[in-house]
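Order-wise, the sequence lines are chains A and B.
The opening residue of the first sequence carries number 1 in the working numbering; numbering runs sequentially from there.
The opening residue of the second sequence carries number 1001 in the working numbering; numbering runs sequentially from there.
If you're looking for bench data, these hints aren't it; they were derived computationally from the structure.
The model shown is predicted, which means the values in this text are computed figures rather than measured ones.
For glycine and all other residues, C-beta sits at the position ideal for the given N, C-alpha and C.
Misleading hints may appear alongside valid ones.
Stated by the list, open to error - Result set (DMTMM-like, lysine to aspartate or glutamate): computed pairs, CA atoms no more than 25 Å apart in a straight line:
#1 B:1129 <-> A:13
#2 B:1092 <-> A:94
#3 B:1062 <-> A:13
#4 B:1321 <-> B:1347
#5 B:1089 <-> A:13
#6 B:1030 <-> A:90
Claimed, not checked - Stretch-level coverage of chain A by chain B, calculated; a stretch enters the list once three of its residues show a Cβ under 8 Å from a Cβ in chain B:
#7 5-12
#8 18-26
#9 30-39
#10 43-57
#11 61-69
#12 77-85
What the hints assert, rightly or not - Quick list of the computed label-pair ranges, beta carbon to beta carbon:
#13 B:1252 <-> A:64: 57 to 67 Å
#14 A:9 <-> B:1090: 23 to 33 Å
#15 A:8 <-> B:1090: 44 to 54 Å
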Amino acid sequence: MGNILGFFFLNREAIFIVILSIFLGIEVISHVPAILHTPLMSGANAIHGVVIIGAIIVMGHAETTGSMILGFLAVVLGTLNVVGGFVVTDRMLEMFKKKRQ
Amino acid sequence: MDQLSQLHTGISILEMTYIIASILFIFGLKMLSHPLTARRGNAIAAIGMVLAIIATILFHHKDGKPIGNVGFILVAIGIGSVIGLIIAKRVKMTAMPQLVSFFNGMGGAAAALISMMEFPHVSPELIAKSGMANGHVLAILLGLMIGTVSWAGSMIAFGKLDGWIGDMRIKAMKYVNLTILTVLIGFIVYIMTRHVQASSELTPLIYIMFFIAVIYGVLFVMPIGGADMPVVISLLNSFTGVAAAMGGFLYNNQAMLTGGILVGSAGTILTILMCRAMNRSLLNVIVGVFGGGGQTNIAAAGSVKEISISDASILLSYSKKVVIVPGYGLAVAQAQHICHELDKLLEKKGVEVKYAIHPVAGRMPGHMNVLLAEADVPYEQLIESDEINPDLPNTDVLVVIGANDVVNPAAEDDPSSPIYGMPIIKARDAKNIIVMKRGMGKGYAAIENMLFFNNKTRMLFGDAKSTLQNLVNEIKSL
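Could you build the full structure based on these sequences and the hints that come with them?
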């Protein structure tokens, strides 16, 4: 019990952010038209590429060769997620826009 | 002292950038959900990401040490960017769903790698104080599990959509999956209740956990059928979001936390919206085996009638109103351009041509809109199914190109059918129906389509692209 309370206390700010973000995510998405489902999924896909920050931190403090290699790989994969995600989304939306002026 | 204040300035700038990045993510996502602002929204989120990355490299400190290996990091980012750009630019629009799945998998893998590397470095003070049962270890283990499942699952989804991995449906699968999931959670509990001096003593367990998570990810996606793939990708997308958020917990990093959770919750809602468009529950998609069933007796259904290209072209040319129902068959045949040529040709002859777009036409909701937009079909010609249905009784010819389940009347007639209740395009209301199809194969739901046996229906067998080409040539020569 003390452990749980302690955990809650230590992470209270993060837990706060998590709860608010959950509501925010629901609120932001809930009225999206069906035609935007695919681009939206793709755009959200790019945003979770934010994991690359963690990869950079790991890589930036890597000391052994093994962790350097894994860190390098993590940064490459994270970048793939970010760059690929945003570019693909843009490609999809570009086609919509052309027809819409 | 001077150095210390410099450090503080750096950290302040970093935290401020993270707040800005988070706000840009939120705005980006919000704008992405409106047609007019979507593209700008995507760009805004991208700017937030770039800011966060640059600030992290410049100002991040851990125990007073700045980010090292900057050269390698930049090279890694360079490699990732070039490969990402090439793949994203080159891949055909029809392959969009598997591409999203692929990039999603990359994010999951990155999250899993971070967890694997951080696990041996949990601070000994923390372990001395609260043992292994602390939020730090939990975040690492959850990040590893969810990231790995997301990666393995996304790769399988990618393979299935690309057509080199088939479905595997075994009745016992859900019990196997449930068992593996229990084992994974057991691992987390076991690791967190060990009494050790340093977390590195338990590192081998982490690798075993990784392998089990890979197996779970594979088995999780294997039994899920074609039509349900978008739902799974969307679900895995939100998984990766949660895995990224675990990294946010780990590093006390607000940008990762907001970005990850935002995608996690928005992704979940999107998944539920997609399920609703197909009238299925999420649980049904995950554990249920889709396809087959339905009472429709084919023997009693009679036979199908074919139509020749010349008859079809005459029928179309002398109609007032034509509605085209495009499906994935049109997309795989890359026939969207020639289809647009047909509609231009007919319009020139004074025929009114509209496209009826079902919410799940193609392989993903909205996929068909993207594909037709690629072929320059004007947006005004694309009508959603709810809007066009009342208009169908006045439609002279309805042309179904490579679509099947979205026009299947079983969704209205047959309560035992797996697609019963799914909103459909009421094709049979039209005066004449032409169905272009490669053969008498079933759709993704693998159920018979009574529309093909309807009195008003004529079949036009063949590859969508060449059939359309023949049709265009024939109409031109009329």
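Verification of the hints:
1. For a cut-off of 25 Å, the pair hint linking residue 1129 of chain B to residue 13 of chain A stands: about 21 Å separates their Cα positions.
2. Note on residue 1092 of chain B and residue 94 of chain A: the hinted pairing holds, with a Cα-Cα distance of about 14 Å set against a maximum of 25 Å.
3. Note on residue 1062 of chain B and residue 13 of chain A: the hinted pairing holds, with a Cα-Cα distance of about 20 Å set against a maximum of 25 Å.
4. About 10 Å separates the Cα atoms of residue 1321 of chain B and residue 1347 of chain B, which keeps this hinted pair within 25 Å; it holds.
5. Between the alpha carbons of residue 1089 of chain B and residue 13 of chain A the distance comes to roughly 40 Å, so the proposed pair goes past 25 Å and is violated.
6. Of the pairs offered as hints, the one joining residue 1030 of chain B and residue 90 of chain A holds, with about 15 Å between alpha carbons and a cut-off of 25 Å not exceeded.
7. Closer than 8 Å: that is the beta-carbon criterion, and the region 5-12 of chain A has 4 residues meeting it against chain B, so the requirement of 3 holds.
8. A count of 7 residues in the region 18-26 of chain A with a Cβ less than 8 Å from any Cβ of chain B is obtained; the coverage claim is therefore met, three being the minimum.
9. Three residues within the 8 Å Cβ limit are the bar, and the region 30-39 of chain A against chain B gives 10, so the coverage statement holds.
10. Here's how the region 43-57 of chain A fares: 15 of its residues keep a CB closer than 8 Å to some CB of chain B, so the rule of at least three is met and the hint holds.
11. Requiring three or more residues with a Cβ within less than 8 Å of a Cβ of chain B, the coverage given for the region 61-69 of chain A holds, as 4 such residues are present.
12. Coverage of the region 77-85 of chain A by chain B holds in this model, with 9 residues showing a Cβ closer than 8 Å to a Cβ of that chain against a need of three.
13. The given range of 57 to 67 Å is broken by residue 1252 of chain B and residue 64 of chain A, whose C-beta atoms sit roughly 24 Å from each other.
14. In this structure the supplied range 23 to 33 Å is violated for residue 9 of chain A paired with residue 1090 of chain B, their Cβ-Cβ distance being about 51 Å.
15. Residue 8 of chain A and residue 1090 of chain B have their C-beta atoms about 49 Å apart, which keeps the hinted 44 to 54 Å range intact.
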